[in-house]
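Colleague: Based on these hints, arrange chain L on the given structure of chain U.
Chains U and L are the protein sequences, given in the same order.
The numbering used here numbers the first residue of the first sequence as -12 and each following residue consecutively.
The numbering used here numbers the first residue of the second sequence as 2 and each following residue consecutively.
Treat the hints with caution; some may be incorrect.
[What the hints assert, rightly or not] Just a few of them, taken from the derived set where beta-carbon distance is under 8 Å, the chain L residues facing chain U:
id, residue
1, I37
2, E38
3, T84
4, H178
Keep in mind that the hints were calculated from the coordinates and are not lab data.
Idealized CB from N, CA, C, for every residue including glycine.
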Amino acid sequence: MSFSRPLFILVASCLYASHTSAQNASENENQHVPYLAIKPITCVVKSLGEACQMKANVTWQSPAPKSVCLFQDKKQLKCWAKQNQVSEIFDVTLDKTMVFSLRDKKQNTLVEQIIKVHALSSRKYRRKLKSDWSLF
Amino acid sequence: MKASLKYLLLLAALTTSQSGLAAASATCSQANEECIEIGQWQVSLAVGGGVLTNPLHGGGNIPLILVPYISYYNEQFFLENTTLGYTFQEAEHFDISAILELNGEQKHFNRLHAGNIIGVDGALSEGGDSEVPTSPDLGGAEDLFPDTDKPVEPKRLPTLDDIAKRDWAIDAGVLAHWYIGKQQKITAQWSHDVSGVYKGQHIKASYKYQLPVFDWPAKLQLSVGFDWQSAELIDYYYGLNSKDNVEQAYFYQGKQGISPFLGAAFNYRINKQWQFKFSAKRAFLSSAITDSPLVNDKHQDYVFIGGLYEF
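This is chain U alone, in the form it adopts within the complex (with noise of 0.2 Å):
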């Protein structure tokens, strides 16, 4: 046990440095990721099952310039070349609740946000279940 605490520190050591090297990592990762602003962030209908229609004030910053795509759910809306900040304004459609993400070339998604759907009543129509007398 003479050598336990040598041995301890060595670990310790080794450990902090580990750490340390993970947090630089992981801060320079932080930094290369863009920031991704989609305003507003919910659409209201009056009920559900309505198709929500909105302009969105869609913005992302990167400390780097990036080529990146913007997508609602799978369908692309817009790609840029080497940009590092972007506002632009879209017309989106939203059926339900969606997720909003900015891709990279090789499709990884860098962020995301999702914009839910909202009703204000609950809905005013049903599918009607059985279309004629069950006798007939």
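Modeller: Here is chain L on its own, set in the frame of chain U:
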């Protein structure tokens, strides 16, 4: 049987717990032939001419002159004529409901005839035909070896007037729809007698294809499907035994059977209140039904043409 009921109820419960009614992205934004306003009673009356044929000996066809329709839907419960339902899940492409409804099989056996209620009953009774039984299911020795000194008397086929009363039954079950695009729909319904009348079950499945007609405010719907009925159901309604006042030679025990059907419905909206309506359906009765000495026809037809007024 009980196991299958439990399985279906479990299936309904599971589908409910997964997404529930909140997933309703149902595509209804106005009231029309497919959609109805929630919380509003809808009453309409079809006025015209039509008939529902009766395949039984001595059973009158049911004329259709005035046909009332009544429906009410809230978020989950619904009433549609003789069907009560509770919708567990309703989504864009699928819905599933538990239902309780009047079984329609008794309509052929009702001596008062539904025509007295929903139409005007005419001179309908055809009386019984005379025919020698050819394939009795249960042997009657006196029929198989008739007295040769006497000419063979043709035996009168059993008619509706000869048999014991068949009761109305109440079914409980599950109704599901799958919507394929806006034009196609698959419907499946499993029902089980909960009134202890026929003590059986039946399954109805259909495929419906709806197409626009030119650029008119009209729709044509074509349908094809089948109705499977258990042996208990067919035996209760179409079987003949000692409870019925018929010759033993005519005794018949019902078996399970499948009756396919074809249908077409045409709707033309004239204005907000009125629409022109034509509908027709032919059911090809299963051999389990047509083998009964009580049954006179291999088909059951429904046809109606007229106007539908929505109040």
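Colleague: Look at each hint and say if it fits the structure.
Modeller: Now the hints, each set against the structure:
no. : hint : result
1   : I37  : 5 Å, holds
2   : E38  : 6 Å, holds
3   : T84  : 5 Å, holds
4   : H178 : 7 Å, holds
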